[in-house]
Structures are given as structure tokens and as C-alpha cells.
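Build the complex from these two chains, which are given one at a time in their own frames, with help from the hints.
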Amino acid sequence: MKISKPGQKLVSIATSPTVAVLLFILCSLALVAGSIIPQREMAESLVGRLPPQVMAVLDTLQLFDVYRSVWFIVLVALLVCNLIACLSVRMACLPILHGGHRCPSLPQDEPTHTTTIRETSSRRTAEDLARIIGMHFHTVLHNDTAEGAIIFGRRGSLRLMSLFIIHVSILVIIAGMATGFLFGFRAYVEIPEGDSTDTVYLREEPWEKALSFTVTCNKFSITQHPNGVPRMYLSHLVFAGKDGDACEQTVMVNQPVSYENIRFYQSNHGTIPEARITVTEGDREHFFTVREGSTLRLPGMKPDHEVHILAIESNLMNLGPAIEIGVEMPGEKLRFYAFQNIDAIREAISSLITEVPRLNPARFEPFLFRLRNIEERFYTGLTLDYDPGLPLVFTGGLLFLVGVILASFSTFERIWIILRDADGGCRITVMSLRGATPAPLAPSVEQYLTERTGNRT
Amino acid sequence: MMHVLILDIVPVIYLGAFLFIFSGMAVKSAFLTKIGTKAAVAGFLFHTTALVMRWFESYQIGAGHAPISSLYEFLIVFFWALVLYDLLFGHMRAGKLLHCISLPTAALGLFVASLSDSIDRVIQPLPPELQNTWLSLHGTCCLLGYAGFATAAAFACLFLLKKREDDLSIFSALPETHELMSLLTRSMVAGYIFFSAGIALGAIAAHFAWGTYWNWDPKQTWALVTWFIYTAAFHLHTDTRRGQSAMAYLTIAGFVAALFTYVGVDSMPSLHHYF
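Protein sequences appear in the order of chains A and B.
Just so we're aligned: the first sequence equals residues 1 to 457 in the numbering used here.
Just so we're aligned: the second sequence equals residues 1001 to 1275 in the numbering used here.
Just chain B, same shape as in the assembly (with noise of 0.2 Å):
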């Protein structure tokens, strides 16, 4: 189970690589961001190493399926998610800050998943019911979906802190907020796009599975209320400052519902439960 080693791993790499970026943002210092920008490519490359040895491992054991069927791979996949985005953002002028938000957050995550009793990172075999390609596809999209939120969200709050620098002069060191509200649009727009295919993917699967690619099973119907909310952020006109902040206020409130969609709704009855 060498990718297990790796993913015990990767925690303390993104940590580390949070320290030096957060340490060259405070002393002022390209080299240390420098150094933990690499470690964190560095991390993201052993972490996307490890999910292909975990893939590759589960047909080796004849259980054959992607690496997002339980709790373990699914936190796995999403902070792997997560930090691809940072990755991808984060090395715009405006974009710097998320680094300090989503590998500390992928890293504490990780760390939960490692350590944590109660979650089993042994590769099961699927019950007929999972063994559905459609069904990898679709995870695999709304955590992507999902981490584009969780992007946007951050990114929302950074512009909301921004819009009070009047009152505190800390939040005068963030980024303009045009810039924030323009990486807010694409990682909502990432999100969004991840989001709806992970929907319509669902759908099919669901159609192969349950005989209906719609039943209104709480998971299902929390997707929609999320998809909703993000599609009235879209709705807004985002050239006032009123707009701006209603979008800002709307991609958090979407979040909160992707977070529920997530996790909060395993509490009721659903077709999901093995989720």
C-alpha cells in the first residue's frame, strides 16, 4: 500500500509548502514564495501519483474502480481538487493569498483522512449497484465542482474583507478587488461548469442504475438548490458594487449549500447513503 505512505505524506509537503509561502508573503520574499510554490507542485505531483497507484491497486485486487467510492478517496480526490485550483490560481498576481488558504486546508484535511479511526482507507469492491462508469464520471465531476466552489468562496471572502479595509486597515494588503471579483467569476465558472456535468452525469447513471435520472432524493435535490443559487450569481450584473457584493454574498451562500449537498444531507433517507 505504497500510495497510502505517499498520501501520509503529502499533508506534511503542503504544510511545509504553506510555511514558506506564507513566511515570503509576510518577510517579503520571492525566494521562500518561490521555494513553497515548488513544494506544493511538488506535493500536488505526489499526490495525483498516489490516486493513480490507489486506481491501479484496486484492479490489481480485482476490485476494480476509480478511486472515489468511499469516504477515504472521496476526501482524497476533493483536496486533490482543491489544490489544483490553487495551483492553477494561485500564481496570478491576485491569486497569491489563496495558496495560504487551501493548503493549510488540504493539508489539515489530509491529515483527518489519514489519521481518523473511523475512516477505512482499505479499496473495497463496489456492490453491483456502484459498478457503473457513469457513477465514477459523476463523483469525480461534482468534487470538482465542489472544489471550484470552495475556490470561489474563499475568494468571495477575501473580496468581502477587502470591501472593509476603510474600517481596518489590515485588509488594505489584499488584492484589488476587480481582481478578486475576476478570479472569483473563473473559479466559479470551473466550478459551475464541473458542477452541472457532475448533474447531468448523475443523471445518466442514475437512469442505468434506478430506471430515472431524476427522483428528487434529498442528495439529488440539493445539487439543484445549489446549482440554482449559482446560476442566479451568474444572473447578476457585476459592473456595480452592489452586484459585485451580492455575487460575493451568493458564491458563499452556494457554497454552504454544496457543503450540505456534501455532507449534511447523509442525514436523511437517500439513494445516496453509500456516499
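Isolated chain A (complex conformation) (with noise of 0.2 Å):
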């Protein structure tokens, strides 16, 4: 296929190393853009400090989310074109794939050496000349075309292979972040021991995802080294799916654990308080364990009243640990604490909790609250990932490193001799290239023509 003029500039442009210098310098300023100004929520810092007018034109810029912005998703969309481009031209100079007899045409505009061997001809000089560089390179073809007789050699297919690898791995490992980017999420979720959740929660919206199966978290637990320091933070998770089957698994840090194409990684614990009451109504007593924002049920409570756990204070007031309860009723909110000193604060204050209604805990008539104690209990931060895209990105890493391994301990070279017939001998025109630089000639070739001209090449 012939391309036309301004198709040839176009892709001379498109495979250009300029072109590709020019882009990585883009890509590494975006990037420090990106690392300079704080990013997405964290660029709420900023306000106050700079002007609303700068904030204004930052904010227009997309520079505070640079890495999702419109001019860094074309930035690397032009790197992609640009590695497709080269990928082709280089595609098409992988002898592997090129195969053939034919000598590839001679470089434009590259240095050529040209000499004359007197009383001699060009078919045994060329003779003589693919022997000697057989011996030097791998594969020598040997064409004749009416302009004279063409030698060519080369050696080092494994280079040019080795750079068709590494630029192949680029485009599969921005393949991978695209798919993961795209198919992928990214979640997180707090887990108290012995509670079980099938909702996550991710970074963006729609905020929530549910899960199509549920993690319950039967215990936290953390070792530790000789002087204090945690060895290893563990959750024994149990993942139950929907037709009932359950599986356990432990995920410590930097060991994940699977589930349905979902990893679970170890994130972060912590504690959070557990308050034991007793609800008393008359003679009968009820036992409760609740958390921040439970909700009571209690027996004999009318069908539209609901009572919240709204707070757990180790000490409010100075009057030891309590709970915040609140009552909702048709037309009605109360709100009073329940403290576990009760029976001391009443001794030494008697008219506290008639002059102060909140701090009655009979407030919700018939039934009086009473903290019994409050417990830390452990939660663990569970980050949940899917990512369809991450065998592409580990698979191109590992093909990067290959391609640049064999790259480095590998050379290309090439040598054109072209032999014509004149003025009674025979004209010979070389030229040597190593990679895409002109190179010294073998050492052998060099004496052949030197012994036969007495001219160095």
C-alpha cells in the first residue's frame, strides 16, 4: 500500500523519537504538577490560602485531579499513538516477521564509505565478501539487482525483538490500568468483631456497593514482638454466599485473601466502645448490648417509638462513663443520659436529676435505663479490591523487565555492501550501522578492503 506525502509526514512525525522525548518531558511535568498541588479532597487545604481567583483557574485547569483530567487522559492517549507508531515501523523491521531473501534498501542520509578494488571483478569480490561476513553475522543475504550486487548482514535480531517487547509491554500495562480503571472498583469497610456486612463502601459514587455475598469478621487479633511493637495485625473473616456455602479465611497484612474475584486486604483496627444496659420496667429487667446508633426494641414499647443509642461517653461530665439515649415518639423527641454511677451521683447530688430532666434516666417512662459498663470492642478496615486489568499490568512489568534485560546485553548491526562493476575494477560502497548509529566495520571486513585498496575504511 503506497501512503501519500502528507501521510508519510504524518507518520513521520507519529514515530519521531523528538516526538516521544517531547511527550515523556509532558508526562513527567503532569506529573509534577500532580505531586505539587494537593489533589481531589485534599485541595480543600488550599482555600483560604490562595486567592479564589487562582483556586478559580486551577480549578478550570483540572489541576486538582490532574491524573484524571481531559489534558492528561490526551496526553497519554497521544503516548499510546505514539507507541502504536513506533510499534508498527519496528513490526515491520523484526526480521522474524519480515522474513525474505531480499536485502532491505540502504539508510537515507546515513554515512556511506565508498572504495574502488582495482582489476578485479564484482562477482568474486562479492563472493568473497559475503564468506568474511559470514563469519561475523547471523544472517547474510546476497542479492543481485541491476544496480550491482548487494551484501547484507545482520546480527542481533534478539535486540530489536527485545525493544518490540518493551514497547509492547508499555501498551499492555496501560491497557491493564485502563481495564482496571474501567471494569475495576475499589472499596472499604469497618467490620466490628462478630458482625457481618454485605454493603462496602467506595470512594466515589454511587458511594455504596453491595456485595453478592457477606463477610462476617468473627475476630481481630494482633501479635506482638518481644518489645511491644505489633508483629502482625489478623482477621478471621468468614465469607457466606448466597446459596448458604461459607468459607474462613485469616487476611493479615500484606497477605490478602480472596473471594469471588474480590481481594480483601488488611487495612487498618481499631476499637470502638460497646456499652452493656439493663432496661428495667417494673419488675422485669432487660439486658442489651448496643453501639453508637442502635436501636432498641424494647418489650411492651409502643410500635412507633424507637429508642437510638446516640452516644457512649467513657466520662461525661466528670460523672463517670454514660450513654446518650434517644426516644422518638409521635410529636415527642427525649433525649437523657444513663449513667453507670448512678446510685453515687444521686447520693451526692439528690436534686441533680429532678432539677435536670436529661440526666434522668427514667425520663422514657415506664422504663428506667442503667449502664452496666462500657467495653472497647476491635473493628477491623477491610479495603476490598477488583481489578480485571491487573494480570495485564503484571504480565506487561514482567515483559518490560525482560525487554530491557536482553536489550542491554544485546547489540544490533547491520552492513550493506553494494558491488558494481568500473573503470576495470570492481566499486564498492559500505555502510555500517549498530542500532541506528554508523559504526565501525568488522574488523575482518576492515582488513579485506584495506589489504585490497591500501586505503583504511
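Among the hints, erroneous ones may be present.
Per label pair, the in silico range of CB-to-CB distance [as the list claims (entries may be wrong)]: (1) B/1249 <-> A/213: 53 to 59 Å; (2) B/1249 <-> A/225: 57 to 63 Å; (3) B/1034 <-> A/439: 32 to 38 Å; (4) A/145 <-> B/1034: 56 to 62 Å; (5) A/438 <-> B/1093: 20 to 26 Å; (6) B/1249 <-> A/438: 32 to 38 Å.
None of these hints come from the bench; they were simulated from the model.
For each residue, glycine too, the CB sits at the ideal point set by N, CA and C.
What follows is the structure, encoded as C-alpha cells:
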């Protein structure tokens, strides 16, 4: 297929190393901007520190979300185009793909050396040179054309192959990243010991994601080094599918587990307060274990009444541990506290409870609330990751390293020798390239030509 | 803590080696240069032994990790890698001058690591998030990469100075530009391989630790900036003087970016705050 002149120009620009260098430098500058300017929610720290006009300009230029900005994506797309264009050129150069027995044409604009050997024929000289080149180059092609005999030698195809692999690997990595970005998700969940969940939280809208299974944290534990430094965090999890099958796994830091192609990572941990309370109604006493945000259903309570645990305080107003209770009734809302040390408080300030209704634990009649004790309970923080592009990214990374190592230990050398009969002898034009740059001739070729012409090439 | 004692002595050996080599070059005495080179090799062997001993000791005390988890350990491994490159390239004709750059730099760095009160030399057990073999490999490869880039930057500076020999005749004693360019390329290639491997291993470590191989952490981002700069350098045509100069400048720029990746990023909020 013939390419038109403007097309040739476009291909030449697209495959130009200068364009590649320019794109690398532009990408670097974009990354520098992304690392220096606070990104996304961190950008809020700049409010008040920078004038609103500057903030508006930075926002318009999408500099608060560089890695998702249109211009950065365009930059990456241009890099991909450049890679594809270079790959197509390299593919054409790959000897194993190229095949055939025709000598490739002499590159333009590269220096050649021309000399003349007298009193010999080009045919005989060509045979000699082909034999000498065969000692140094793995592939030797010999064509007779109207312009004369052409001998072409080539060695180091591994180098070409490795450069091809390097460029393919970058495309594979980018494809893997794009796949993960488009079809994967990353979420977070905190599960207190003994609790289950089937909902996790995303960093972006729609914020919540329902799982097709339930995760239960049976136990969270920390092991320690002798000097008290944590050695390991472990979450003993149970995954239960909708079909009722359960699977028990332990997730540790640096040792994620996988369930239904979603990986679970030990991300963080902490404790949450848990209160044990009693609710007395007449001569009946009910025991509950509650956390902040718990809703209680008390026996005998009207259906349109709701009791919520609003807060658990370890020391409220220096009167000791307490819970804050909220009651919602039609047309009325109550808020009051139940203290652990209520007897001691009554003894010390007998009028307090009558004067301050919020301190009266029997405010929601006929129930009397009493805090027995507060315990700290572990929760485990898990990161969830589903990334269908991951195999591509790691394959690309591996290919890249293999390619770079192969490229470092191999060279690609080519030699063209064109022989024509002229002036009662043989006129020889030689070009030797290592990679894309001119290289000295192989010593035996050099010696052959020097011996016959008396001149060093 | 025998290894600490050895690591206190090693910079003295490096400094002595440098003085012998420098004197040998100044008075053109092959004997002095040879003594200096042998001293540098001896220092390197002591240095290596101390690293192995420290590693072994960390297992004995129950910490059990490669010596690459604190600032002190990063410094002793980095300067070990720098001397390794020095010994690899310094035996070449054009590379002799590298001894006069790498050895005093390593000696100074190790003196600082040994004498500074703010650098803790005690082997500490690792927190769970750092107990990852991939992470040790990542750190080692990155440091070997940084050392390769430092060596390449040294050759780049020598190359640019040599180019000014017409202005200042003192630079005419430097090796020829094509020799320096060859050494620059070799050390850059070595650094690039290790640094690329370091990035890949870091991505694997991050995948196991954080659940994502890449999360635009400032250290990761700057590592990518460094990688882009060196990748750009590899795309330059070095058969012209202009191309060679551009490569030398990019090599120096890449090393500045590598330095920033190593130490500068610490001022930014980062998941690499342990290092």
C-alpha cells in the first residue's frame, strides 16, 4: 500500500523519537504538577490560602485532579499513539516477521564509504565479502540487482525483538490500567468483631456497593514482638454466599485473601465502645449490648416509638461513663443520659436528677435505663479490590523487565555492501550501522578492504 | 554489634583509598593508584561483610529483615551500591576518575551515617505493613538504581566539563568524550534496569500491602517522573554532539529527580513515610 506524502509526513512525526522525548517530558511535568498541587479532597486545604481567582484557574485547568483530567488522558492517549506508530515501524523491521530473502534497502542520510578495488570483478569480490560477513553476522543476504550486487549482513535480532517487547509491554500495562479503571472497583469497610456486612463503601459515587455475599469478622487479633511493637494484624473472616456456602479465611497485612474474585486486604483496625445496659420495666429487667447508632426494640414499647443510642461517653461531665439515649415518639423527642455511677451521683447531688431532666434515666416511662459497663471492641478495616486489569499490568511489567534486560545485553548491527563493476575493477560502497548509528566495520571486512585498496575505511 | 564497628572503619578505608588514587593520578604513579584501588576493594569487602552481618544479626534478635528498613540502613546500602558501581566502571581507562568522586562521597556519607545523633543505628523490628519480601527487593533495586544514576550523573558532569576544554585547558586531562559517553550510557542502563525493577517490585509490594499496585503516592509519582526522564534520554540520538549533550543534561536532570524521589518527597504526605 502506498502512503501519500502528507501521510508519510504524519507517520514520520508520529514515529519520531523527538516526539516521544517531548511526550515523556510533558508527562513528567504533568506528574510533577499532580504531586505538588494537592489533589481531589486534599485540595480543600488550599481554600483560604490561595486567592479565589487562582483557585478558579487551577480548577478550570483540572489541576486539582490531574490524573483524571481530560488533558492528562489526552497526553496518555498521544503516548499510546506514539507507541503504536513506533511499534508498527519496529514490526516491519523485525527479521523474524519480515522474513524473505531480499536485502533491505540502504537507509537514507547515513554516511557511506566508497572505495574501488582494481583488477577484479564484482562477482568475485562479492563472493569473498559474503564469506567474510558470514563469519560475523548471523544472517547474510546476497542479491544481484540492476545497480549491482548487494550483500547485507545482520546480527543481534534479539535486540530488535527486545525493543519490540519493551514497547508492547508499555501498551499492555496501559491497557491493564485502563481495564482496571473502567471495570474494577475499590472499596472499604469496617467490621466490628462478631458483625457481618454485605455493603461496602466506594470512594466515589454511588458511594455504596452491595456485595453478592456476606463477610463476617469472627475475630481480630494483634500479635506483638517482645518489645511491644506489633508483629501482625489478623482478621478471621467468614464469607457466606447467597447459596449458604461459607468459607473461613484469615487476612493479614501483606497477605490478602480472595473471594469471588474480590481481594480483601487488612487495611487498618481500631476499637469501638460497646455498652452493656439494663432496661427495667416494673419488676422485669432486660439486658442489651449496644453501640453508638444502635436502635433498641423494648418489650411492651409502642410500635411508633423508637429508642436510639446516640453516644457512648467514657466520662461525661466528670460524672463517669454514660450513654446518651434518644427516643422518638409521634410529636415528641426525648434525650437523656444513663450513667454507670447513678447511685453515687444520686447520693452526692440528690437534687440533680429532678432539676436536670436530661440526667434522669427514667425519663422515658415506664422504662429505667442503667449503664452496666463499657467495653472496647475491635473492628477490622478492610480494603476491597476488584481489578480485572491486574494480570495485564503484571504481565506488561514482566515483559518490560525481560525486554530491558535483553536489550541491555544485545546489540543490533547491520552492514550493506554494494558492488558495481567500474573502471576495470569493482566499486564498493559500504555502510555499517549499530542500532541506528554509524559503526566501525567488522575487523575482517576492514582488513579485506584495506589489503586490497591500500586505504583504511 | 561488630558490624557497626566495621561500618565505622569502612569510610576511613575509602578515604585512604581515594587519597592514594588521587595522589597516584596527580604524580602519575601506577603503584599508588594500584594500592588505592586494592584498598577500595578491601573496603568494599568489609562493607559487604558488615551488611551481611547486620542482616544475620537482625534474624538473631528476632527482627528478621534485610538491612533496608531505616535511614541508617538505606545510607549504608546506597553507598555500598555506589562503591560497587565505582569498582565496576573504575577499572576502565576512562573510569579511573570515578574513584575520585565515588570514594570520597561514600566516605563522607558513611561518616555522616555513623556520627549523626539523629540517625538511629539500632536494628528495629518491622511493623506488619513492612514485613514483605517484595518490599526488601524493591528497596534494594531502587537503591542500586539510584547509585547507577548517581554514577551516570558523575560521568555526565565530566562529559560536559570535557566539552569545555577549549575554554579551560584544565579539562583537557579528562578522558575523551566518546569514552565518557560510553560509560555514562552503561551506568545509566544499569541504573535504569534496577530502577525499573524497583518500580515493578514496589508495585507488587503495594499490591499485597495496600490492595493497589499504584495509587499516585508522591514517592511513586516522582519515581515515575525519574523513569520518564531516563526513558526520554534513551530515545535521544547520541551520534551527534548535540544529542550527546542533551543526554548528559537529561542524565543530570534525572539524577536530581531521583534525589528528590529519595529524600525530597518526604516533606509531602506519603504512604512511604516509613522511609
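> Which numbered hints turn out to be false for this structure?
Replying inline: 2 and 6
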